[in-house]
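A.B. asks: Chains as they are written, first to last, in my numbering: chain A, 1 to 194; chain B, 1 to 129.
Please note that a few of the clues may not be correct.
Once the Cα atoms are required to be at most 30 Å apart in a straight line, the calculated DSSO-like pairs of lysine-lysine come out as [stated by the list, open to error]:
(1) A:173 x A:151
(2) B:5 x A:81
(3) B:14 x A:173
Since the hints were made in silico from the structure, they are not lab data.
Treat the numbers as computed from the prediction; the structure is a model and nothing was measured.
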Amino acid sequence: MIKTTDQHHIEQTLAGNPQAFGELVRRYQDYVYTVVNRMVQHREEAQEITQDTFVKAYSSLTSFRGDSKFSSWLYTIAYRKTLDRLKKNKRYVAYEGLEQISDADQDVETHGLKRMMAQERSEAIKQAIAALDPVSSALITFYYYEEMSVKEIEAITDLTADNIKVKLHRGRKRLLSLLQQSNFPEIQQSYGTL
Amino acid sequence: MEPFKDPKDALTRKYMNEAGVDPAPEDTYMAIMDQITALNTYSLVYKPLISRRGWALILGGFVLFLIGIFWLPIERFYLNNLPELTSFNLSEYLSGIQMSSTTLYAIGFLGLFLVQLPFLKRLLDSKKA
Chain A
1 MIKTTDQHHI
11 EQTLAGNPQA
21 FGELVRRYQD
31 YVYTVVNRMV
41 QHREEAQEIT
51 QDTFVKAYSS
61 LTSFRGDSKF
71 SSWLYTIAYR
81 KTLDRLKKNK
91 RYVAYEGLEQ
101 ISDADQDVET
111 HGLKRMMAQE
121 RSEAIKQAIA
131 ALDPVSSALI
141 TFYYYEEMSV
151 KEIEAITDLT
161 ADNIKVKLHR
171 GRKRLLSLLQ
181 QSNFPEIQQS
191 YGTL
Chain B
1 MEPFKDPKDA
11 LTRKYMNEAG
21 VDPAPEDTYM
31 AIMDQITALN
41 TYSLVYKPLI
51 SRRGWALILG
61 GFVLFLIGIF
71 WLPIERFYLN
81 NLPELTSFNL
91 SEYLSGIQMS
101 STTLYAIGFL
111 GLFLVQLPFL
121 KRLLDSKKA
C-alpha cells in the first residue's frame, strides 16, 4: 500500500478537512509522545504536552512552509513546549543538578535493572534514558533513534552544532555507562570501563 | 544516514532501537481531535447578530423615517395634536428625581464596568490568539 505523503494531508487539512490532520496525528503521536515522555518523565504531563503540540501544529499549519520535514516541525513545537513546561515547573534546573548527583547514586539507580530478558532489556534502556537530563534524552532520541542529522537537530533545538555534539557525546557516554552497570554483556565485553 | 565510524555510536543506536517508542495513551488521538473540532466549531459559530442585509434595512428604514419627518405634511398626523408632547421638557421632568449617593456610585461603577468591556474583550482575544 502506498503511504500518502504528509504534504497531501497538510493540503487537505488546509482545504478545510480536519480529518486529514487526524491521519498525521495517528502517524506521529507515538513519536512525539516518546520524545516528550523521555524529557518530562511523567505520563500524564507527556500526554498533555503531546496534545498541545498537535493542537498548536493544527492552528499554525498555514505557517508550515515545507522547508523541513513535517515531523521535524512537530518535534520543534514539542521540544519547545516541553522545555517551557520544565522551566515553568522549575524541573529543568532540578534535572541539571540530578545529572551531577546521580553519578554517585548509579549503583542504587541501576540496581533493579539486572537479570534482563528481551522486554526487560527494553525497559532497562528506557530507564537509562530516563536518567539522562531532558535535553540529552531528546537529543539522543533525535540522533540515534530518529536518525536525524546534527543540522536537523540544530533547527529543532536552537542549539549550536558544537553544543549538540558535546551533549550527544556526554549523553551517549552516560547512557552506556548506566547500561554497563546494568550488566549489558556486549558493553562489558567490548569496552570494559567506559 | 551513513553508518557510524565509532562502534559506540552504532551500539547506542542499537539500544535506542531496542527501547523503541513509548506508545501514546489510547485516548490521546480522540483528545486531540476533540480539541481540533472545538477549534473549528469556535471559528464557524461566529456570526454577527445582525447581518449586513439587516443593517442595510435598518439604515434604510431610519433614512425613510427622517425623510418622513422633514418632508411629509406632519400636520396631518395625530401626534401633532397631542399638546403635552409639544410642551414636553426633559430637564423639568428629571428635576423631580432624587437619588441616594449609593445609587449614584452604583451607576458610576456600572459605567466604568461598561467602559472596561471592550478592553477586556481585546485582552481575551489576544490571549486566545
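A.B. asks: With reference to the structure, classify each hint as holding or not holding.
C.D. replies: Now for the hints, and whether the structure bears them out:
1. A:173 x A:151: holds (21 Å)
2. B:5 x A:81: Violated, at about 34 Å.
3. B:14 x A:173: Holds - the C-alpha atoms of residue 173 (chain A) and residue 14 (chain B) are around 14 Å apart, at most 30 Å.
The structure does not agree with numbered hint 2 stated previously, though it agrees with all others.
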